[in-house]
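**Student:** Can you make the complete structure from the sequences, with help from the hints?
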Amino acid sequence: GAGVSQTPSNKVTEKGKYVELRCDPISGHTALYWYRQSLGQGPEFLIYFQGTGAADDSGLPNDRFFAVRPEGSVSTLKIQRTERGDSAVYLCASSATGTMNTEAFFGQGTRLTVV
Amino acid sequence: AQSVAQPEDQVNVAEGNPLTVKCTYSVSGNPYLFWYVQYPNRGLQFLLKYITGDNLVKGSYGFEAEFNKSQTSFHLKKPSALVSDSALYFCAVSDYSGGYQKVTFGIGTKLQVIP
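Chains A and B, in that order, give the protein sequences. Here my numbering is used: the first residue of the first sequence is 238, the next is one more, and so on. Here my numbering is used: the first residue of the second sequence is 332, the next is one more, and so on.
Hints should not be assumed to be uniformly reliable.
[Claimed, not checked] Simulated pairs of lysine to any residue, SDA-like, Cα-Cα distance not exceeding 20 Å:
no.: 1; chain 1: A; residue 1: Lys254; chain 2: A; residue 2: Phe303
no.: 2; chain 1: B; residue 1: Lys433; chain 2: A; residue 2: Lys248
no.: 3; chain 1: B; residue 1: Lys441; chain 2: A; residue 2: Gln274
no.: 4; chain 1: B; residue 1: Lys441; chain 2: A; residue 2: Gln345
no.: 5; chain 1: B; residue 1: Lys433; chain 2: A; residue 2: His266
no.: 6; chain 1: A; residue 1: Lys248; chain 2: B; residue 2: Lys400
no.: 7; chain 1: B; residue 1: Lys389; chain 2: B; residue 2: Leu413
no.: 8; chain 1: B; residue 1: Lys433; chain 2: A; residue 2: Met337
no.: 9; chain 1: B; residue 1: Lys400; chain 2: A; residue 2: Gly277
no.: 10; chain 1: B; residue 1: Lys353; chain 2: B; residue 2: Ser411
no.: 11; chain 1: B; residue 1: Lys389; chain 2: B; residue 2: Thr403
no.: 12; chain 1: B; residue 1: Lys433; chain 2: A; residue 2: Glu320
no.: 13; chain 1: A; residue 1: Lys254; chain 2: A; residue 2: Gly309
no.: 14; chain 1: A; residue 1: Lys315; chain 2: A; residue 2: Thr339
no.: 15; chain 1: B; residue 1: Lys433; chain 2: A; residue 2: Thr313
no.: 16; chain 1: B; residue 1: Lys353; chain 2: A; residue 2: Lys315
no.: 17; chain 1: B; residue 1: Lys433; chain 2: A; residue 2: Gly288
no.: 18; chain 1: B; residue 1: Lys441; chain 2: A; residue 2: Gly290
no.: 19; chain 1: B; residue 1: Lys433; chain 2: A; residue 2: Ile263
no.: 20; chain 1: B; residue 1: Lys389; chain 2: A; residue 2: Asp293
no.: 21; chain 1: B; residue 1: Lys433; chain 2: A; residue 2: Leu297
no.: 22; chain 1: B; residue 1: Lys400; chain 2: B; residue 2: Pro338
no.: 23; chain 1: B; residue 1: Lys441; chain 2: A; residue 2: Ser275
no.: 24; chain 1: B; residue 1: Lys433; chain 2: A; residue 2: Ala333
Derived from the structure by calculation, the hints contain no laboratory data. It should be emphasised that the depicted structure is a prediction, and the values quoted were computed from it without experimental measurement.
**Tutor:** Shown next, in the form of structure tokens:
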């Protein structure tokens with residue numbers, strides 16, 4: 238596709254359940270980022286992938302959160318034992334490289350609601 | 332640590348008038364500064380960035396921003412506002428210390444252009 242695609246666009250889950258959020262970056266982009274945007278806040282960094290490896294996962298809030306990018310393209314953000322505080326819009330972005338000279342393109346996000 | 336402050340929750344401006352959306356930053360080392368716009372139900376869109384060079388940066392849709400090192404500011408400006416500019420604007424900063432685009436966003440400023 239032409240842009241970053243995130244699925245599903247909306248996800249409602251019960252507290253304690255497991256969820257997976259998918260990100261399809263722009264083809265050929267090696268850098269991929271996950272951000273979380275809570276209501277009334279700016280996006281907060283979660284994790285950065287360069288290729289298949291997580292180069293920086295310092296933003297993941299706790300060990301219930303995990304992300305993978307096994308083939309260096311599609312990434313999945315996984316949340317175990319969801320809590321109501323996990324409710325937010327999860328944004329994915331990709332760029333051709335990780336450098337400042339390349340623009341990061343954001344997807345439309347997945348709105349996660351934990352009830 | 333890096334941080335961004337957007338002191339105004341909302342800016343109202345009449346169509347055709349100049350607009351300014353304020354941003355100040357704090358970062359160790361050289362700052363890399365960005366502005367993004369978020370329309371309802373759409374992803375973040377890149378407007379412009381400052382990496383180095385001229386302090387006045389021109390971006391998409393007629394927007395520009397001026398980097399002021401002494402005031403640690405990066406205010407977004409447009410000479411003549413359009414109703415279609417109404418959206419949520421985010422300022423972001425990175426110190427690039429890790430060699431990649433790990434940015435910290437402000438909480439956003441809602442721009443309302445009044446016809």
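**Student:** Against each hint, give a clear statement of whether it holds in the structure.
**Tutor:** Hint by hint, here is what the structure shows:
Under the criterion of a C-alpha separation no larger than 20 Å, the hint pairing Lys254/A with Phe303/A is consistent with the structure, at around 14 Å. A C-alpha spacing of about 26 Å is found between Lys433/B and Lys248/A, which places the hinted pair above 20 Å, so the restraint is violated. This hinted pair checks out: Lys441/B and Gln274/A have alpha carbons roughly 16 Å apart, not beyond 20 Å. Proposed proximity of Lys441/B and Gln345/A is supported: the alpha carbons are some 18 Å apart, at most 20 Å.
Of the supplied pair hints, the one linking Lys433/B and His266/A holds, its CA atoms being roughly 16 Å apart against a limit of 20 Å. Straight-line distance between C-alpha atoms of Lys248/A and Lys400/B comes to about 43 Å, which puts the hinted pair past the 20 Å bound. Under the criterion of a C-alpha separation no larger than 20 Å, the hint pairing Lys389/B with Leu413/B is consistent with the structure, at around 17 Å. Proximity of Lys433/B to Met337/A is assessed by CA-CA distance (about 10 Å); at most 20 Å being required, the pair is judged to hold.
At most 20 Å may separate the alpha-carbon atoms for a hinted pair to count; Lys400/B and Gly277/A exceed this at roughly 28 Å. Using a Cα cut-off of 20 Å, the hinted pair Lys353/B and Ser411/B holds, with the two alpha carbons roughly 16 Å apart. Note on Lys389/B and Thr403/B: the hinted pairing holds, with a Cα-Cα distance of about 18 Å set against a maximum of 20 Å. Simply put, Lys433/B and Glu320/A have alpha-carbon atoms about 26 Å apart, too far for the 20 Å limit, and the pair is violated.
This hinted pair does not check out: Lys254/A and Gly309/A have alpha carbons roughly 27 Å apart, beyond 20 Å. A distance of roughly 27 Å separates the Cα atoms of Lys315/A and Thr339/A; the hinted pair therefore is violated under the 20 Å criterion. For the proposed pair Lys433/B and Thr313/A, the alpha carbon gap of about 19 Å is at most 20 Å, so the pair holds. Between Lys353/B and Lys315/A the CA atoms are separated by roughly 36 Å; this puts the pair beyond 20 Å, and the hint is violated.
The suggested pairing of Lys433/B with Gly288/A holds, with an alpha-carbon distance near 16 Å, which does not exceed 20 Å. For the hint linking Lys441/B to Gly290/A, the alpha-carbon distance of about 36 Å lies beyond 20 Å, and the restraint is violated. For the hint pairing Lys433/B with Ile263/A, the CA-to-CA distance comes to about 18 Å; that is within 20 Å, so the pair holds. In summary, the hint linking Lys389/B to Asp293/A is not supported, as the alpha carbons are separated by about 31 Å, beyond the 20 Å threshold.
A hinted pair counts as satisfied when its Cα atoms are at most 20 Å apart, and Lys433/B with Leu297/A qualifies at roughly 13 Å. At most 20 Å may separate the alpha-carbon atoms for a hinted pair to count; Lys400/B and Pro338/B meet this at roughly 18 Å. Restraint check for Lys441/B and Ser275/A: satisfied, since their Cα atoms lie roughly 16 Å apart, inside the 20 Å limit. At roughly 14 Å between alpha-carbon atoms, Lys433/B and Ala333/A fall within 20 Å of each other, so this suggested pair holds.
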